[in-house]
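K.L.:
Now for the letters of each chain:
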Amino acid sequence: MTADTKFTGQTFKSVGTRPLRPDGIDKVTGRARYGADIDLPGQLVGSILRSPHPHAAIRSIDTSKAEALQGVKAVITSADLPDLTNGNSELFDILDNCMARTHVYYDGHAVAAVAAVDAVTARKALKLIKVDYEILPHVTDVDEAVAKGAPVLHRKCFTQGVEPKPRKPSNIARRSEFGHGDVEAGFAKADVIIERTFRTEQTHQGYIEPHACVASISPDGSGELWVCTQGHFVFRQHCAELLGMDVSKLRVTPTEIGGGFGGKTHVWAEPVALALSRKANRPVKLVMSRDEVFRASGPTSATSIDVRIGITKKGRITAGDATLRYTSGPYVGMWAELGAMTAFACYDMKNVRTVGLEVLVNRPKTTAYRAPSAPMAAFAVESVVDELAGRIGMDPVDLRIRNAAKKGTQSSYGPVYGPIGIGPTLQAAKEHPHMSAPLGKNQGRGMACGFWFNFGGQTCTDLNIAPDGTVALTVGTIDVGGARASLALVAAEELGIPYDQVRAVVGDTSTLGYNDMTDGSRGTFSSSMATIMSARNAITILKERAAKMWDIPVAKVAWEEGCAKAIGKKYGNLAPLSLAEIAAAAPNTGGPIAGHNELVADGAGVSFATHICDVEVDPETGRTQVVRYTVIQDAGKAVHPTYVEGQYQGGAAQGIGWALNEEYVYGEDGRLQNAGFLDYRIPVCSDLPMIDTQILEIPNPNHPYGIRGVGETSIVPPLAAIGNAVSNAFGVRMTHVPMSAPRILKALDEAEEASSTSTETA
Amino acid sequence: MRYEAPLTTPEAVELLASSRGRVHILAGGTDLIVRMKGGFIEPDVVIDIKRIKDMHVIRKTAAGTSIGAATSCGVMGRHQALKKAWPGVVEAANLIGSDQVQGRCTMTGNLCNASPAADSVPALIAADAQVLIIGPKGERRLPVEKLATGPGKTSLKKGELVAAIELPPRKTRSADAYLRFTPRTEMDIAVVSAAVNLTIDRKNIITAARVALGAVATTAIRVPAAEKALIGNTLDEATLAAVAKACSAACKPINDKRGTVEYRTRVAGVLAKRAAQAAWTRAGGKA
Chain Y
109 MTADTKFTGQ TFKSVGTRPL RPDGIDKVTG RARYGADIDL PGQLVGSILR SPHPHAAIRS
169 IDTSKAEALQ GVKAVITSAD LPDLTNGNSE LFDILDNCMA RTHVYYDGHA VAAVAAVDAV
229 TARKALKLIK VDYEILPHVT DVDEAVAKGA PVLHRKCFTQ GVEPKPRKPS NIARRSEFGH
289 GDVEAGFAKA DVIIERTFRT EQTHQGYIEP HACVASISPD GSGELWVCTQ GHFVFRQHCA
349 ELLGMDVSKL RVTPTEIGGG FGGKTHVWAE PVALALSRKA NRPVKLVMSR DEVFRASGPT
409 SATSIDVRIG ITKKGRITAG DATLRYTSGP YVGMWAELGA MTAFACYDMK NVRTVGLEVL
469 VNRPKTTAYR APSAPMAAFA VESVVDELAG RIGMDPVDLR IRNAAKKGTQ SSYGPVYGPI
529 GIGPTLQAAK EHPHMSAPLG KNQGRGMACG FWFNFGGQTC TDLNIAPDGT VALTVGTIDV
589 GGARASLALV AAEELGIPYD QVRAVVGDTS TLGYNDMTDG SRGTFSSSMA TIMSARNAIT
649 ILKERAAKMW DIPVAKVAWE EGCAKAIGKK YGNLAPLSLA EIAAAAPNTG GPIAGHNELV
709 ADGAGVSFAT HICDVEVDPE TGRTQVVRYT VIQDAGKAVH PTYVEGQYQG GAAQGIGWAL
769 NEEYVYGEDG RLQNAGFLDY RIPVCSDLPM IDTQILEIPN PNHPYGIRGV GETSIVPPLA
829 AIGNAVSNAF GVRMTHVPMS APRILKALDE AEEASSTSTE TA
Chain L
200 MRYEAPLTTP EAVELLASSR GRVHILAGGT DLIVRMKGGF IEPDVVIDIK RIKDMHVIRK
260 TAAGTSIGAA TSCGVMGRHQ ALKKAWPGVV EAANLIGSDQ VQGRCTMTGN LCNASPAADS
320 VPALIAADAQ VLIIGPKGER RLPVEKLATG PGKTSLKKGE LVAAIELPPR KTRSADAYLR
380 FTPRTEMDIA VVSAAVNLTI DRKNIITAAR VALGAVATTA IRVPAAEKAL IGNTLDEATL
440 AAVAKACSAA CKPINDKRGT VEYRTRVAGV LAKRAAQAAW TRAGGKA
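Line order of the protein sequences matches chains Y and L. Start counting at 1 in the first sequence, then tack on 108, and there's your number in the working numbering. Start counting at 1 in the second sequence, then tack on 199, and there's your number in the working numbering.
So that you can see chain L by itself, here it is in the shape it has in the complex:
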């Protein structure tokens, strides 16, 4: 196995494009190293992006906020401005693993690992985030929900890497929230999860909303029917019931060691309802 630690993004892209065999990118390594040690993958080349300075930056841009691909979730959790603007995204990122894992793991890694149960992904979809992809043909941007195409699979092309995740500018009276169900309090993986991001006007009417679910399909999914149920309404019992119903209806889960179809479908609705309530309260909504 060859280990490379480039200092710049172009070098990383060049290495990625020119390397043969099984090439893996290493950021936090909290998925990659575990899989290597377990004998599930045997990479020929590992490209470590942690030494690329740009990849560690959280910065305001004209288009919103950019989070470098090697930024650890622990760093995100200590970034006050980010937490204030995107509490749901940060709480999702901060649910991954344990304190020790938080010091290494990255949201981009969580995204590119392409697990349907990844914690940060529903929150990013609800946030309308996009990824900045850099490859041999230059830069391109892609909505987050289009990156993962199935369990462990992404739409990245040969030689491409995700350099940053970009969050849109934040409007006033907006907030997001993420909730997951796990049997344990921590050190666990979502059996089902839900994220809601919404904006409300002064009359407590929801003017914009995005809803996403995790661990109920082959990728995290957006639920337009639940968004429709929210927009134009206040968050009353009827709205919440409609959100729960829409979310349960959107589920296409599987039975596995972590949960049943029946359980996931039902609890997706419960979590979406609770996430909507949390986002609403954070945004200053009053019944």
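Same shape as in the complex, but just chain Y:
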């Protein structure tokens, strides 16, 4: 952060309005080009052979029959993607996940791939590849994986972060710990302590567009890749490193993206497509099927979380302790660590400790899913906080207000907070009409809070003034939720011109410097900062050109309302020069006019939300319907409020699906049973009520316009809010997500049994 990027409290003309998005018409008419819409002359069809076994050693792979099939142009195995990772274990895991080497670690793990003239030939060729597997014992369940006697995935896996180093290998790849104070002393001061264990099942991001790319490598060693991705610069980096290419020789062009939610921050098939193209010397198109998307890309962790919280009768939390076990697939991750960091982040606590354990299982490699790891931790903590409120007879909102973190609070994961939105979202929830609306029969209301860090990162933009004075803005962050509209608004604001005179596009990797990917809710936050700086740089040049046109000192030129204005007694009567006039004169005043900016967007500003939810449960079937839902979240400043609301609603919708129905179901054989949208149930429109939103604007002091990221936090509270609503409807504590109908019916039975037993004993 520099002095230039500080919040100044200016008033806005364009920012905060709701114009149509520039990508809208093409998307609704089908003109927009997604990953699978790119075609090149001479292109081949790529297809991947995947392991049917959850865990096996690869004895040998015989590709000779596939290679001999007419129409097959290339067959590859791990031998064609040799290990060039040079000790970089994270990159090696990515490589091993893209194409298995000595072992397969999950049902769906890639073992070979073909490029053929058409899909039928490619499919036929896959069937001709013979893989000799030595089947090994497997484990898919998070608790079973850490239990004694569980099959160990990697014999060289000794838990990191433990001193001294453990003597035996295990599936706990890493341990992390956060907190401060003295937890046991804190519990000693508590009047009530509740300790519970929670479980959440593995979910997929559920993006509608499967992973798709077209790869083309020339014999001269340069290459091109068209791909649906959340981060083309990161994809370029990983692909170039894995294929041994110079980074600048691979040009990656991002397509429109049909959802990513974290799942497209990671390469899965792109290095395979490039390796096939290199071997076949032809362009190769590779599109995953839905089955492959589920089996071999992107799920979030399954978790098992122990939480213990102590509280005084007056409602002050005295201590909190949590152990969080998160699956990371067969490779070490930082998912439990993120859970451990976020678990108690909403609260001001003197004594807090969280321990995260990364658990290896025979499931696909875990990747980010919208505020990764936070929803499960919030489910566990917010459920116990709600139960504590009930136990001491305090309103759950009041209890949270009493304990909410504020400016100056040391967070549970370390840093001291600046101005934050948890208190205001809780206050808004308390005052919201939803909170006091009457409930119907079999209905319950719940609420919960959520936190996400947000991220800034490396960002680079170009702003070019066209000869007619319109503006071409090129950004390097993928537009996943309306960012082009928001960034055009920001450029228009800064230049003082109408929104429709700015066209924002996402540039390919050859047009801009390196950009981090669109993750951590950073797209609009960081690219708006770089856009503002680019516009200011362009204005500097525009003023110089105006001074030249007028032949007056540049110090006597101001930029106002899209025009250069001469200032001072001496020059004040000169007619203003418009952007168009200055642009038209550019050939004679020094050539094209542009503003560039490169920065690391620091100071993203943490994000908080409070959700309120009403559910109705059918007590005879356990079927649960969300009947009312309200999201209250701090946006810092909502650039385009419609898309901020869209982010709030989208996160809530995904959270509702996760809370009620979505889960990976594995059979005894370790195979995924529901690799499709029929049996992996994301909500359809009729499953959801209209999700109400309330945007709070507590300016981020580290952004010129006060903007905070808004994309992720909205998925954090729903699991807990719905869990609390169901629990409040029937007086049972729901501890297992998803709260599917059979689980709810069982919980209702157990509650009934418990109450009849207690009546008998009374």
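Be careful, since some hints might not be right.
To be verified - Not the full set, but computed from the structure, chain Y residues with beta-carbon under 10 Å of chain L:
1) D726
2) R731
3) G778
4) Q781
5) G784
6) F785
7) I790
8) D795
Just so you know, these hints were derived from the structure itself, not from any lab. Where a beta carbon is used, it is the ideal one built from N, C-alpha and C, also for glycine.
Chain L: place on chain Y using the hints.
P.N.:
Just chain L now, kept in the frame of chain Y:
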């Protein structure tokens, strides 16, 4: 793969009898095409029956109502007379898939796909429907419950196809209803389902009843014990409890990704009870 689109039923039967290899009939294609695209089946011959005009007709016959095999469920949903006479059959057919799927899918396809969870099948069994089968040896008729013999298996012989589904004539004060449990509101498949078809007299006594369940056994099943509990009684709490009990007792479900034995068994009773109530109200029953 060979694609054939005959214009008459005899041509279709002839093609079916003479074709070798894996032969599949295509009507709406909402199961077949999905399975082909998923690589689960690789047909040698596909015979499309959509161009056969007779197959699209819903008509009154001496024996009741005949619904041609290629009639889409969407068309059924817009057929007022059919909806009035057989609200349960139509609501079952209209629960399949989505609006888009409804425009293509057929009840005959749903039946011949032989899924134990097929939505229209319990309703057809409760309705006492039969299928008109045409084959190399001519026509035959079969009660609907005898067509599916197990998951994905039917009693159709080589060269035979189902040309129509026939519903019996409708008596007064009769109605049917179908209910299913799905985790989602739509675009889903039954975890368990129940259909009830009944006739009541002027004293609100049930004189005839048929009850069927879906997704609780290898095929949709009829539940005679539940029918017995209904016939001769009015629909009071005791009757409903007996229906629920009989239905739960008739279940032979499995544990799978969609539901547990315990859950299916219990909810079968709940749905049968609710379906009986809905049919009763539709038939004009008063407590």
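K.L.:
Indicate, hint by hint, whether the structure satisfies it.
P.N.:
We went through each hint and held it up to the structure:
Because the smallest distance between the Cβ of D726/Y and any Cβ of chain L comes to about 9 Å, under 10 Å, the interface hint for this residue holds. With a least beta-carbon distance of about 7 Å to chain L, the hint placing R731/Y at the interface is held under the 10 Å criterion. Taken as an interface hint, G778/Y does not check out: its beta carbon lies about 14 Å from the nearest beta carbon of chain L, beyond 10 Å. For the restraint placing Q781/Y at the interface with chain L, the shortest Cβ-Cβ distance is roughly 4 Å, inside the 10 Å limit, so the hint holds.
Checking G784/Y against chain L by beta carbon gives a least distance of about 8 Å; that is within 10 Å, so the hint holds. Because the closest C-beta pair between F785/Y and chain L is about 8 Å apart, less than 10 Å, the hint holds. At a threshold of 10 Å, the smallest CB-CB gap from I790/Y to chain L is about 9 Å, leaving the interface hint in force. A hinted interface residue such as D795/Y counts as satisfied when its beta carbon comes closer than 10 Å to some beta carbon of chain L; here the least separation is about 5 Å, so the hint holds.
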